[in-house]
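Asks: Keeping their order, the protein sequence lines are chains A and B. Sequential numbering from 0 applies to the first sequence in numbering that gives the first Met the number 0. Sequential numbering from 0 applies to the second sequence in numbering that gives the first Met the number 0.
Accuracy of the hints is not assured; some may be wrong.
[Unchecked claim] Take a look, some chain A residues computed to stay more than 12 Å from chain B by CB distance: (1) T50; (2) I68; (3) W100; (4) G112; (5) A114; (6) L118; (7) Y120; (8) V125; (9) K135; (10) A140; (11) A141; (12) F146; (13) I157; (14) T183.
[To be verified] Restraint ranges, calculated between C-beta atoms of paired labels, are given here: (15) A:N67 - B:G188: 50 to 58 Å; (16) B:K15 - A:L205: 49 to 57 Å; (17) B:N158 - A:M156: 56 to 64 Å; (18) B:F202 - A:F124: 26 to 34 Å; (19) A:R214 - B:F160: 26 to 34 Å.
Because the hints were derived from the structure by calculation, they are not lab data. For every residue, glycine included, the Cβ atom is placed at its ideal position computed from N, Cα and C.
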Amino acid sequence: MKKNWWKLIAIVFVFYTIIAGFLFHVPAQPILHETIRNLYFHVPMWFAMMTILFVSLWNSIAYLSKSNIQSDILASQAANTGMLVGFLGLITGSIWARYTWGAWWVADTKLNGAAITILIYLAYFVLRGSIDEEQKRARIAAVYNIFAYVMLIVFLMILPRMNDSLHPGNGGNPGFNKYDLDSTMRMVFYPAVIGWILLAVWIFTLRVRLEKIKRKIVFND
Amino acid sequence: MKQVMLFNEIKYLIAKEIKLEMRNKYSLGGILLYVVSTVFVSYLSFKKIVTPSTWNALFWIILLFASINAIAKSFISETRGKLLYLYTLVSPQAVILSKIIYNSLLLTVLSALCLLVYSLFVGNLIQDYPLFLITLLLGSFGFSSLLTMVSAIASKTSNNFTLMAILSFPIMIPLLMVLIKLSKNAIDGLERWDVNYLLVLVFINTIIIALSYLLFRYLWRD
């Protein structure tokens, strides 16, 4: 139990997010209306994705310096979990866009950034799938992971400066902090971010354990 | 001392690349013909293009595909034995840097030819030539460094030509966006140069070279 206290926090925070997110008072805004509650689900997904992808990058660097296959399992499963959270972010965002901007997909810099992130990591999985040798796969995939992550960061840094975004807080749109004058939304938003990140980390650790068991079976045959 | 050695190694390796290219000219001719035929096909499908943004986008897409085809072979065509031989002689940094420099020369020629044929058939809308040529040069350099590294990664796999495209497209987008923006400025002939974008372009190129320099040594030891 001592080691698992953070899982408890994840459960409590996620349940709190779901209950409070749907029931608590939110500022009434034109266009947004009740969809403003999606803030507690859509935005934390991207926080969780970037966190978990950073874990993946970190383990790729660790693999190149130590050549320990455990780091490779960690890196690949982190990328896997990152994709899961990324897809959830895309789906929640797409539904939100339908109700506020009028279309499932709009030409927006942040949407392009999300699409490119997903393309990069899908390519990473195809790359992994096309190399059979375990050590070699780990090494090549780690190199691509580092290369791609840095290019992604460059992209996420440059692009918003090139175009305006429809997202709140960009291109003259007010951020959500403008609406949230009495901080009621913050009371749900911050726990939501922590809760979803911890949940993603939890899923990640489960996937790592599963992958280790799978590989052991392969080794024993 | 070490720098001098690296420099000499790079010099010899580039000379080797050029010599090998000259020995089988058909592969160089093939890639040049690829550009000409692609431009001709787009000319027949589009006739004359008068919209600057379409002109610009089509130009870079043709150049993108031609570059991928030109550079894909740079590591994929290397045999295992030859790489092993190089491994005993030179440092990995010299190999990747020499390939990058050689490929940028190749791409510069390729993009110059592409521009020539493209303006002949499809039309020429450029108003600010110096800016366009600088963009083209920096673009060739960026394409070559990025694609050389991806080619090294893809050469380690079994289905390397498909992988070359899917690995490089997503990470090339930041470079491509900046290039398209800059060349659009050159076509429109804006009064003032947007120095920020040029700096960003140089910055991206530097990052790619630095990453290749650091990461290539992990790729080639088998």
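Asks: Does the structure break any of the earlier hints, and which numbers would those be?
Replies: Result: hints 4, 5, 6, 7, 8, 9, 10, 11, 12, 13 and 17 break, sorted rising.
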